[in-house]
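Enquirer: Take a look at the letters that make up each chain.
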Amino acid sequence: MKKILVVLLFTSVLLAGLVSCKKDSGTIKIGVAGAHSGDLASYGLPTVKAAELVAEMYNANGGVLGKQIELVIEDDVCKPEVATNTAAKLVGEGVVAVVGHICSGATKAALGIYKDEELITISPSATNPPLTKSGDYPNFFRTIAPDDAQAQVEVDFVADVLDLKKVAIIHDKGDYGKGFATFCQDMLNDKGGIEIVMFEGIQVGAVDYSAIINKLGASGADGVIFGGYHPEASKLISQMKKKKIDIPFLSEDGVKDDTFIKVAAEFAEGVYATGPVDTTSNPMAIKAAEDHVAKYGEEPGAFFLNAYAATVALLNAIEKAGSTDFDDISAAMKSEYVETPLGKISFDKAGDAIGVGFAVYQVQNGAFVELK
Amino acid sequence: MNLEYFFSLFLGGMTRGSIYALIALGYTMVYGIIKLINFAHGEIYMIGAFTALIIGGALSLTSMNPVAIFIIAAIVAIVYSAAYGYTIEKIAYKPLRNAPRLSALISAIGVSIFLQNYVLLSQTSDFLPFPNLLPEFGFLKPVENFLSTTQFLILLSTAVVMILLTILIKFTKMGKAMRATAQDQQMAQLVGINVNRVISMTFIIGSATAALGGVLITTHIGQINFYIGFIAGIKAFVAAVLGGIGSIPGAVLGSFVLGLTESFGTGYISSDYEDAFAFIILILILIFKPSGLLGRKENEKV
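Respectively, the protein sequence lines represent chains Y and H. The opening residue of the first sequence carries number 0 in numbering that gives the first Met the number 0; numbering runs sequentially from there. The opening residue of the second sequence carries number 0 in numbering that gives the first Met the number 0; numbering runs sequentially from there.
Since the hints were made in silico from the structure, they are not lab data. These numbers come from a predicted model, not from an experiment. There could be a bad hint or two in this list.
Think about it this way: if two alpha-carbon atoms lie no more than 20 Å apart in a straight line, the pair counts; the simulated PhoX-like pairs of lysine-lysine are [said to hold, decoys possible]:
id, chain 1, residue 1, chain 2, residue 2
1, Y, Lys177, Y, Lys132
2, Y, Lys177, Y, Lys78
3, H, Lys140, Y, Lys241
4, Y, Lys88, Y, Lys78
5, Y, Lys78, Y, Lys114
6, Y, Lys333, Y, Lys114
7, Y, Lys241, Y, Lys261
8, Y, Lys242, H, Lys140
9, Y, Lys240, H, Lys140
10, Y, Lys164, Y, Lys190
11, H, Lys34, H, Lys89
12, Y, Lys243, H, Lys140
Given only the sequences and the hints, what does the whole structure look like? Please build it.
Expert: Pasting the structure below:
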């Protein structure tokens, strides 16, 4: 009796597995992964909203390949160890492609899984260069320029516009922050004429940063480049200003977030940060922002347009490819130009977007303003 | 390098050490009395900071004097956190007092996770700015290069807390009861000490000092989020172990050693290894003095 029961149970489990595999739901599932909670949720949530808006738009016009788009949204809290689970979940859900992840570290961790499953992955914000340039991930695309493009803009600005002679570089030891800091260091060394007086990592979440600030003051730097995210940046800049160390503070996209201005308040004034070129005059970008306000009742957040462009590029490629097959979509991504809120873009062999770049911004009167 | 730089680092290290000390006191007092490592203690510090932020933020909308706002916010935060400490002990530790020590430890970790997520859900996951309430003290002008107003305040408050605590423990009846309970709970009970009250009092005092630390650090750093208690708690725990867990002067000494090590390590070597220095010191001290700097040797009873 017991044996029969076991056999019955076993077969029913097997059958259930088969059924769920064969189930054709009549929709095209797109995964959306990134930080949707925790410290860095403000980077990840706008992507979810962008994907929702694009999917809604396509669905209203009959979907893609005659099928409706269904989004599968999963949180990775920006942590590599969580991202692998997120990826496995999305694979289990049967998605055909993924928009995400948000943070470079988490993206890298998840990419291996997507690669094995032959899933196109397109990130609106993961800027770590080797993700594309190493050639390890033929399934990876992104609608944001990689960090070294950003570092180049930053270094040119430091040398040509601010004309600094002694620069201190501080980073948060993370993939993104340290990566950026190292590019800046290499490029400054190549350029010559600028001395790097300090290159150090800080502990994320430390009780205070007075020691490193003292060291910065003693180093005689006439400018500081920071690689990392906004919570550390706002602590550093406010402690610097309180210590009366009044030198230009330059950072990158991880700091160019309104939360930074909100938290650092008056200390944020004058801070430079590089970020994607302003596309607010692009009609598609304007419409996307209006739709966002209409649906969610607030202005879109960080990487919203990149995510919007990523989703549009992906769905367009699926449509043009005429299938959800990996090779077809991949080929379409690289050959087709598509109209997005970032302008007309396509992708190069490595997976980087052609037609997307960086500019320098400065906090002026409580808002980031692009410097021309 | 020059002397001013040395002093800046020294005072920076002392400031950090003071914050660690205010938190470490709670760890060490609780351990001294009920042999429990109260992992929820870092969260009390975070709740103190949050309460001060909420009260301070609300009152700064009125036209009150900023210093008065700061003092009110600090007092409310301390009282509120002390109430948390008291309640946590009653709910999570008291029922487990005669259970194996591991059970109470797991309960402490549970409380810690609960409180973090409770603040995350009821407040926000974002970093929040703390209003700048304190004026620059005029008399600090000559030394402002290496001692800021908030740093001065942190050092001063810590010193006052240490003195008050010493008086409390050495010279009051409650202090005597605490020492007796720490030595032998059962015997203390036999001679008529209300052990439950003593333990509650320990949690209240420990939570109050941690909350004070939280309030001071928010004014110093200017921002907080729900997660600040974790790292500060771990560091303070290391400080308490370093000084000899269970010993109050030990916790203070351990905190200053830790703060100064981190500060000088960063200043003269590299901040890349800030945490590494902290733990190297811990390992070295524990190799040579396993019970910590001022810890009592535990004699195993046969």
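Enquirer: Next, verify each hint and record whether it holds.
Expert: Status of the hints after comparison with the structure:
no.	hint	in the structure
1	Y/Lys177 with Y/Lys132	holds, 17 Å
2	Y/Lys177 with Y/Lys78	holds, 16 Å
3	H/Lys140 with Y/Lys241	holds, 13 Å
4	Y/Lys88 with Y/Lys78	holds, 15 Å
5	Y/Lys78 with Y/Lys114	holds, 19 Å
6	Y/Lys333 with Y/Lys114	holds, 17 Å
7	Y/Lys241 with Y/Lys261	holds, 17 Å
8	Y/Lys242 with H/Lys140	holds, 12 Å
9	Y/Lys240 with H/Lys140	holds, 16 Å
10	Y/Lys164 with Y/Lys190	holds, 12 Å
11	H/Lys34 with H/Lys89	holds, 16 Å
12	Y/Lys243 with H/Lys140	holds, 12 Å
Consistency note: the structure conflicts with none of the earlier hints.
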